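Sequence order for the protein chains is Z and B. For the first sequence, counting from 1, position 12 maps to 26 in the numbering used here; every step adds exactly one. For the second sequence, counting from 1, position 93 maps to 107 in the numbering used here; every step adds exactly one.
I should point out that these hints are in silico values taken from the structure, not numbers from a laboratory. There could be a bad hint or two in this list.
Because identical chains share one entry, a pair is satisfied inside a single copy or across any pair of copies.
Below, in silico cross-link-like pairs of lysine-lysine (DSS-like), each with a Cα-Cα straight-line distance of 25 Å or less [what the hints assert, rightly or not]:
{"hint": "1", "residue 1": "Lys26", "residue 2": "Lys51"}
{"hint": "2", "residue 1": "Lys24", "residue 2": "Lys111"}
{"hint": "3", "residue 1": "Lys51", "residue 2": "Lys138"}
{"hint": "4", "residue 1": "Lys138", "residue 2": "Lys101"}
{"hint": "5", "residue 1": "Lys111", "residue 2": "Lys26"}
{"hint": "6", "residue 1": "Lys133", "residue 2": "Lys51"}
{"hint": "7", "residue 1": "Lys132", "residue 2": "Lys51"}
{"hint": "8", "residue 1": "Lys75", "residue 2": "Lys120"}
{"hint": "9", "residue 1": "Lys120", "residue 2": "Lys72"}
{"hint": "10", "residue 1": "Lys17", "residue 2": "Lys120"}
Just so we're clear, the structure is a prediction, and the values are computed from it rather than from any experiment.
Protein chains: 2
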Amino acid sequence: MDKSWIDQLKFKDDGLMPAVIQDYANGQVLMVGYMNKEAVKLTLESGLVHFYSRSRQKMWKKGEISGHIQKVREILLDCDEDTLLIKIEQECASCHKGYRTCFYRKVNSDGSLETIEKKIFEPKDIYLRTSPDVASGRCGVSPSKKKNLDWGGFTNNGIDTRNVEGY
Amino acid sequence: MDKSWIDQLKFKDDGLMPAVIQDYANGQVLMVGYMNKEAVKLTLESGLVHFYSRSRQKMWKKGEISGHIQKVREILLDCDEDTLLIKIEQECASCHKGYRTCFYRKVNSDGSLETIEKKIFEPKDIYLRTSPDVASGRCGVSPSKKKNLDWGGFTNNGIDTRNVEGY
Numbered sequence: 015m016d017k018s019w020i021d022q023l024k025f026k027d028d029g030l031m032p033a034v035i036q037d038y039a040n041g042q043v044l045m046v047g048y049m050n051k052e053a054v055k056l057t058l059e060s061g062l063v064h065f066y067s068r069s070r071q072k073m074w075k076k077g078e079i080s081g082h083i084q085k086v087r088e089i090l091l092d093c094d095e096d097t098l099l100i101k102i103e104q105e106c107a108s109c110h111k112g113y114r115t116c117f118y119r120k121v122n123s124d125g126s127l128e129t130i131e132k133k134i135f136e137p138k139d140i141y142l143r144t145s146p147d148v149a150s151g152r153c154g155v156s157p158s159k160k161k162n163l164d165w166g167g168f169t170n171n172g173i174d175t176r177n178v179e180g181y
Numbered sequence: 015m016d017k018s019w020i021d022q023l024k025f026k027d028d029g030l031m032p033a034v035i036q037d038y039a040n041g042q043v044l045m046v047g048y049m050n051k052e053a054v055k056l057t058l059e060s061g062l063v064h065f066y067s068r069s070r071q072k073m074w075k076k077g078e079i080s081g082h083i084q085k086v087r088e089i090l091l092d093c094d095e096d097t098l099l100i101k102i103e104q105e106c107a108s109c110h111k112g113y114r115t116c117f118y119r120k121v122n123s124d125g126s127l128e129t130i131e132k133k134i135f136e137p138k139d140i141y142l143r144t145s146p147d148v149a150s151g152r153c154g155v156s157p158s159k160k161k162n163l164d165w166g167g168f169t170n171n172g173i174d175t176r177n178v179e180g181y
C-alpha cells in the first residue's frame with residue numbers, strides 16, 4: 015500500500031494531530047484523540063484505531079484495556095492536512111465514563127449542562143476488573159471475544175488500571 | 015445565561031481547544047477549528063461560530079469574509095472538558111477550498127487520496143472579489159443576505175483578502 019499521504023500530514027510541534035472519531039453507521043461523533051505519525055501508520059496497518067496518549071506518553075490501541083476497540087471503515091483528510099476524520103465501527107462505547115460518545119453533555123439555553131446520553135457500561139466493571147472474564151457491564155465484551163483482544167491483565171501489561179481513567 | 019460551564023473548560027497551554035463542527039441536519043463533520051475562551055463566549059452570545067485563528071493570531075468569525083457563517087444549533091462538551099462539538103447550520107460551505115466539508119478527501123485501500131466531494135464554490139470568486147456584490151460562485155450568498163452579515167469590505171476590516179486562503 016502506498017503510504018506517501020502520511021508524509022503529507024502536518025503534525026503540530028508536539029508531533030501530534032487530532033483525529034475526530036465518527037460512528038460509521040449513524041454519524042455520531044464519538045471522541046477526538048491525538049495521533050503521532052506512528053499511530054497513523056499503526057491505525058492504517060491494523061485497521062484498528064491507535065492514538066498516542068498524551069497523559070501516559072505512549073502508544074495506545076483504543077480498547078486495549080476495555081475491549082472497546084474501534085474498527086476503521088474510512089479515513090478522511092482535511093484541507094490543511096492537519097486533522098483526520100476516521101469513521102469507525104465502535105465496540106460497545108467510546109467514552110471511558112460509560113457513554114457511547116464522549117460528547118454526552120449538551121449546553122442548554124440557560125447555560126446549564128445536561129447529560130443527554132445513557133450510560134451503557136459501568137466504568138468500574140471495566141477498569142477495575144481483575145481479569146478479562148469478570149462481567150463487564152451492560153455492553154461488555156464476551157469472554158470469547160476478549161481472547162482476541164490480546165488482554166494482558168494486570169500483571170503483564172504494566173498498567174495498574176485502578177488508576178486508569180480511560181482506554 | 016449561566017456561563018459557568020465555560021470556566022470548567024480545559025484549554026491547552028496555548029489557550030486553545032479544538033471544536034469539531036458538525037452539520038446539524040445530516041451529521042457530516044465539516045471542520046475542526048480552535049477556540050480560546052473569548053471565542054467560546056462570542057460563539058455562545060452571538061449564536062455564530064467564532065474561532066481564534068492561529069495563523070492570523072486574532073479572533074475570527076467564521077464566514078466574516080466569505081459569508082459562509084455557521085449558526086449554532088447545539089453545543090456539546092466532551093468528558094475531559096477539553097473538546098467541543100458544535101452542531102451548526104452551514105451557510106454554503108465550510109471549506110475555503112470550495113467544498114462543503116474540509117474532509118473532502120478519503121484514503122483509498124491502496125493508499126491513494128481520492129476527492130469524494132464536489133466543489134460547490136470557486137474560492138477565487140469568494141476570496142478575490144472586490145465587493146460583497148460580486149457573484150460569489152454556485153452557492154454564494156445573495157446580496158440581500160450579505161447585508162445581514164456585517165460585511166466590512168476591504169477598507170474597514172483591515173484584511174487584504176488577496177492573501178487570505180480561508181475564512
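Hint-by-hint comparison with the structure:
no.: 1; hint: Lys26 to Lys51; verdict: both (11 Å within a copy, 21 Å between copies)
no.: 2; hint: Lys24 to Lys111; verdict: between (31 Å within a copy, 18 Å between copies)
no.: 3; hint: Lys51 to Lys138; verdict: neither (32 Å within a copy, 33 Å between copies)
no.: 4; hint: Lys138 to Lys101; verdict: neither (28 Å within a copy, 31 Å between copies)
no.: 5; hint: Lys111 to Lys26; verdict: between (28 Å within a copy, 22 Å between copies)
no.: 6; hint: Lys133 to Lys51; verdict: neither (33 Å within a copy, 29 Å between copies)
no.: 7; hint: Lys132 to Lys51; verdict: neither (34 Å within a copy, 29 Å between copies)
no.: 8; hint: Lys75 to Lys120; verdict: between (28 Å within a copy, 22 Å between copies)
no.: 9; hint: Lys120 to Lys72; verdict: neither (31 Å within a copy, 27 Å between copies)
no.: 10; hint: Lys17 to Lys120; verdict: between (38 Å within a copy, 13 Å between copies)
Violation of the numbered hints given earlier is confined to hints 3, 4, 6, 7, 9; the remaining hints are satisfied by the structure.
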